[in-house]
Amino acid sequence: MLGEGILKGLVETARNFFGSFVSKDRLTTVQFPEERLPQPEAARNFPFLVYDGDNWQAGMRCVACQICEKECPPKCIFIEKSSDKKPDYTGKQQFYPAVFNIDVSVCMSCQICVEVCPFDAIEMDNAFELSTTDRFGGLLWNREQLAKPNSYFHKIHPATATEIDERLAAAKAKAEAKAKPGADGGASTTPQPDPPPAAN
Amino acid sequence: MTDTIDQIFVLLKHWLVAHSPVWVQPLFSSVLSAAAILVVFASLFAVTTILERKGLGRFQNRYGPNRVGPFGLLQPLADGLKSLIKEDIVPHSADGAVHMLAPVALVVAAFLGYAVLPLGRNMTAINLDAGLLYFFAAGSVVELTIFMAGWSSRNKYSLLGAMRAIAQMISYEIPLILSTITVVMAAGALSTVAIVESQFGYSGIWPHWFVFTPWGFAGFVLFMIAGIAESNRSPFDLPEGESEIIAGYFVEYSGFKFALFFLGEYIGMFAICGLAITLFLGGWTAPFSFLAWVPSYFWFFAKLLVLIAMLIWIRSTLPRLRMDQLMNFA
Amino acid sequence: MISMTTPPNQEMHEGLVADGGQDELLEIALGPHHPSTHGVFRMDVVLDGERVVKLKPVFGYLHRNHEKIAESASYLASMPYTDRLDYICSLTNNWAYALAVEKLAGLQVPERAEYIRVITAELTRLVNHTATIGFLTQEMGASGTPLMYAFREREKILDLFESLTGSRMMCNYMRFGGCRVELPAGWLEQTKKVVKDFPRFLDEYEQLLTGNEIFMARAQGVGVLKKDLAINAGITGPMLRASGVNYDIRKVDKYGIYDRFDFKIPLGEHGDVYDRYMVRMLEMRESLKILNQALRDLPQGPIMDPKAKIRGFRPKPGESYGRIEAPKGELGFYLISDGSPNPFRYRVRPPSLINLTVLEDMCRGYSIADTIVIFGTVDIVLGEVDR
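Residue numbers (my numbering), protein chains in the order written: chain H, 1 to 200; chain R, 1 to 330; chain U, 1 to 387.
Hints in this document: simulated from the structure, not taken from any laboratory. Note that the structure is a prediction, hence the values are computed from the model and not measured. Everything hinted at is true.
Straight line, CA to CA, 20 Å or less: simulated EDC-like cross-link-like pairs of lysine to aspartate or glutamate:
id	chain 1	residue 1	chain 2	residue 2
1	U	K156	H	E35
2	H	K24	U	E204
3	U	K309	H	D120
4	U	K68	U	D338
5	U	K196	H	D25
6	U	K309	H	E115
7	H	K70	U	E71
8	U	K309	H	E69
9	R	K54	H	D25
10	U	K103	U	D259
11	H	K24	U	D159
12	H	K8	U	E213
13	H	K24	U	E155
14	H	K70	H	D103
15	U	K156	H	E41
16	U	K193	H	D25
17	H	K155	U	E162
18	U	K192	H	D25
19	U	K156	H	D25
20	H	K8	U	D203
So the derived label-pair ranges between C-beta atoms look like this:
id	chain 1	residue 1	chain 2	residue 2	range
21	U	R296	H	P87	46 to 54 Å
22	R	L81	U	A185	48 to 56 Å
23	U	K68	H	A14	47 to 55 Å
24	R	S43	H	A14	23 to 31 Å
25	H	E144	U	K309	33 to 41 Å
26	U	P341	H	R167	22 to 30 Å
27	U	D259	H	V99	48 to 56 Å
28	H	N55	U	R296	49 to 57 Å
29	H	V30	U	G312	43 to 51 Å
30	R	W206	U	R296	54 to 62 Å
31	U	K68	R	L81	47 to 55 Å
32	U	Y87	R	R154	35 to 43 Å
Glycine included, each C-beta is placed from N, C-alpha and C at the ideal position.
Only chain H is shown next, with the shape it has when bound in the complex (with noise of 0.2 Å):
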């Protein structure tokens, strides 16, 4: 019949009008900013530095080993290292990054610097409403503005930050039963106070 495939149409159309009504699935609009998605687990939008504890200088994993700004892809990341240093989790002595600057506009949220460090330090955030009036400076971001704690890195991402604590717990505790004299046998389980800077 001419017109069959019209009239089929204009019923689908119709479909989705009544349906749009009655079911969820027919009005996927989401009222942002009232309402909000959840972000699930793995997203990833910029680029932050993890400290634990709540001194952001004294608890930042990062050593600056320099290995992200190597491997970022447009070369986003500006490191200076320390000429002192100070103890890791471990209590081993390392270098921190005095300057630490990535640019937000340069930053294509790759990931790779997240995926290349070998100390945990950096790791994703997935919070997108950065933007800021400031075009320069706003933009680039000091190791201050870029430094979160380990407890926002478990809020956002659980179970990564989950695995991430186990496995340095674990690192913790190996390098603790090294520095242990082997009389102990390693039966002792409280943590022995760091040495003193001095000693190094």
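Starting from the structure of chain H, add chains R and U where the hints point.
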């Protein structure tokens, strides 16, 4: 009581006219009718824009506009305000007077057709004996204004668009008029009021509308298709929606004049729908005999809204016909 | 939208005579700002009345020096850049590049990774074809309704990509020797649900479009591409198969593990717009078949070649060409290595660009409105054309 509600606007008008000086009464009466039509259909235009956008949105699995006012109902206000405060750009080499006149003429010509539409019992602005002919004559003026718009813009492409629009509208005039012949023959009169009267009466509860007769139904389908083509709506909106190459014959218009074009097009669409209701769907008569107590103007506007909803439905579904296919189809 | 300031291009008019005796050939530029070109793309068209007499595509507005950048970046660093070539189908781009590098360095991909690659590639094919058909109807004038339906379904697949790779579009998921991360918990169930619901959407979509008389009138007989011209011009992908040539790299090369799956190749007869649309619809159904089989047979195991290195990757000197059946055609990567961490030469064979070369032959004689529709079925993405 129901009669009073039914005739309330007529009684109101008679009361107002009776309270004015005798020498101005005929003029005042016509002015009142014209003002009533303008107000009613212009507000119907505002309502239709929001209905169309929300309806189109629902067809496409999304909300329509819903930020301005509750459920977005104040959107037409926002659109009207925006079109008023936009800068009015007139091309340097355009023909200024014709350029200014075209949208105004379009709106005037579009409104002229309403004079013979019976909006309710005893509610026709003018009861002409050849009302139907007058309607088509007024409708043809619209085509002239479109050409004025295209020509005055001094733009090769808007002229092309205007010529296509006119070709389309002229070629669809013939099926439009021919499809009404059956109605005229059945009713035996050209006056719109007489045509509505010939659709009175109910057999059981079913009305005697022309659309329920086989020839009337064919006529109705033909009339609606030709009507959609006449008012440049999708799927026949090549002259205006031709975003492939030209924005149509009103590409050089901005701001309020564009809004007037938009208004004129929708008013034309309402007029054609109104005529379809008068000719085929029984005008202001009720669909079932037991509902005859509901006021007549209510039925007219209810049927008008149903037809508008159908047009929105068709618009959201069908792709556009190409120009040559369009002409072949005519 | 239309450039009226370019003067008539003499070189374009050479050798052209208008039909019907008028010497009035209209030249317009369907310019870079255009609602219906899939990106910044210009077509210089010479019209005789309504008919197209000559058409010259002009591109390069999106050139980003991808190949030159790859010469100074390491192999791994080029991987996120390949996402941005054909930005709708990032996972197939990644796979083609990974394939080329694996050939170069002689890496072996474990089975689970191969299955995951097939699953993501076929999901990408669904994503691409729905978008193409949606945009095709939009260009024909159906005011966005089929497009919105297509995008509603695409969203479900993009959510899958986000939970797997972290990003909806720029996935950066394949690595040399396997895949980057393991499937998260619950991803398989989610994917199976999406694949189960998809045929219903395809049926509804076909009901809206396939029998529609207006759609058929605008699509049948329009933009015919003959078989021998398609073969001579190096066309690949759904365009080639719509012209009747049975050439699908998944069956020819059997890269990855495609030889284990049972699927058919839809072929068209006339090579017009309608055939290209139908080939894409049928290909989507075949992809669903492959997905069902792959999801059923997915084995456990590692997802990376244990010998593959992330950092300090230096393949031996040599050259390789890795190609896959991307949703748009044959996407190939040609690499020359001289033993250093950066490739010596990195070349992309973009299917969109090569399919564009026959645009003029397809559009000659049709009207302007048809040109836009034909252009829609060539299915280009400017990121790939311009790199």
